[in-house]
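Participant: Please work from the sequences and hints to get the whole structure.
Chains as they are written, first to last, in our numbering: chain A, 1 to 201; chain B, 1 to 201.
Everything labelled a hint here was simulated from the structure, so no lab data went into it. Wrong hints could be hidden among the right ones.
[To be verified] Derived DMTMM-like pairs: lysine to aspartate or glutamate, alpha-carbon spacing no greater than 20 angstroms straight-line: (1) B:Lys118 <-> B:Asp147; (2) A:Lys17 <-> B:Asp50; (3) A:Lys90 <-> A:Asp122; (4) B:Lys97 <-> A:Glu6; (5) B:Lys17 <-> A:Asp50; (6) A:Lys90 <-> B:Glu6; (7) B:Lys90 <-> A:Asp13; (8) B:Lys90 <-> A:Glu6; (9) A:Lys97 <-> B:Asp13; (10) A:Lys90 <-> B:Asp13; (11) B:Lys56 <-> A:Glu6; (12) A:Lys97 <-> B:Glu6; (13) B:Lys97 <-> A:Asp13; (14) A:Lys56 <-> B:Glu6.
There are 2 protein chains.
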Amino acid sequence: MGAFTESMGRLIDEFAKLPGIGRRTAERLAYHVLSSREEGAIGLALAIRDVVRRTKECAACFNAAEAERCSICSDSRRDQSVVWVVEEVKDLIALEKTGEVTGVYHVLKGRISPMAGKGPEDLTIDNLLKRIRKQKVKEVVLATNPDLEGDMTSQYIVEKLKGSQVKLSRIARGIPQGSSIEYANKAILTDAITGRQEVEG
Amino acid sequence: MGAFTESMGRLIDEFAKLPGIGRRTAERLAYHVLSSREEGAIGLALAIRDVVRRTKECAACFNAAEAERCSICSDSRRDQSVVWVVEEVKDLIALEKTGEVTGVYHVLKGRISPMAGKGPEDLTIDNLLKRIRKQKVKEVVLATNPDLEGDMTSQYIVEKLKGSQVKLSRIARGIPQGSSIEYANKAILTDAITGRQEVEG
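Facilitator: Following this line, the structure appears as C-alpha cells:
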C-alpha cells in the first residue's frame, strides 16, 4: 500500500502516463489534487471529460472541432482557396499561432510510414484530393515535417496533384532563426544553401 | 477563438493551474488528452474524481484516508507509542518513503504562522494532545520544517507537553548529504556544528 491511498496511487499512475510527466511530478500533481479537493480538482476532471465528449473532427479539414466544421473552416475571413496540409492537429496549432496563415488547413492524420505500416490510404489524402476537386482551391502548401517520412508524404501528394491547375508550395527549410551556422548540421546547411533566396540589391 | 476549441482552451487553463505546469506544458498535456481520447484520458478524469470523492481524513492522525483510519494507523505492525508530528500529508509521504519510520504520524494541517494569521487553534494540536493523553504514547518526534514557523510550531508543542512523561525528540538538522561544506550557508553550518554527534572511537 505504501504512503498513498489506493485512489491516490491510481491518480499518480494516471498523471505519470502523460507525456513528460515523471513519477516525482505525478506525485506532486496528485498531491495538489488531494489538497485542493472540491474547488479546483473537479474542474480538471470535467475539462478532460468535456474535451473527450465534445471534440469531433472537422468534416472538411479533420481539425479538432466542436461542430460540423472547425472554427477555422467556418471563419468567412479565411481564404478557402489556400490549403495548408499538415500531419497532425498539433502542427496546425503551431502554424496557427504565428498568425501568418490566412488560408485553411487539411490535417492528414499522420504520415506515410513504411516502418509503422502506415500507407497513404490510412491518411486523409483522398479527402484532400476530393476537396481540391470540388472547391476552388488555388494553392496547396505542403507543411509536413521536414524529415524522411514527412517528405515522402508530401511527395506522394505532389504526384497525385500532377497535371492539376493547383499551385503547389512547400514551407521553407533552412537554418533556424536564432541558431548559428557553426552548430548546424550538414543536412540543415544543405537546405539553407540550396534554398537560398535572392535579395533585392 | 484562436487555434483551440472552447473545451480545449478550458482544459489548457485547468492544466496550467497545476503547480509547476506552464502554459506550454499545459498545451502539450491537453493535446495528449485530445489525441488519446476515450482510451486513456477518461482514466485520468475518473482518477481525479475518485481522489476527491473517496479521500477523507484519518480520524486519528489526519493523514489522507479512504476509511475511518488511514492505512498506517490501522496497521498493527506500526508502533503506536511513537508519534511523528508533521505539518502536512506531503511531509508524511516523504518520511514514509524512507522506510525508517516504524511509528505512526500526526498531521498538524499547517504551521503556526502569524504572517498568514494562523495560530495553534487552527492546527490539530489539541487532537494531538488528547491523543497523547489517551493512548500510551512514549515518544513524540517533532518533524516540522526546519525554518522559523516550523520551529515556532514545534516549540509550541514542546511547551504544551512540558511536565508530561512523553519523551520529545526532533529530527536532526545539519549539512545535507551529498552537498559540500563550502557551499552550505551559515545557518546550516551552525546547525551542523552545534548538533555534532559523538563518534565511537
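Participant: Taking each numbered hint in turn, which are not upheld by the structure, reported in ascending numerical order?
Facilitator: No numbers; nothing is violated.
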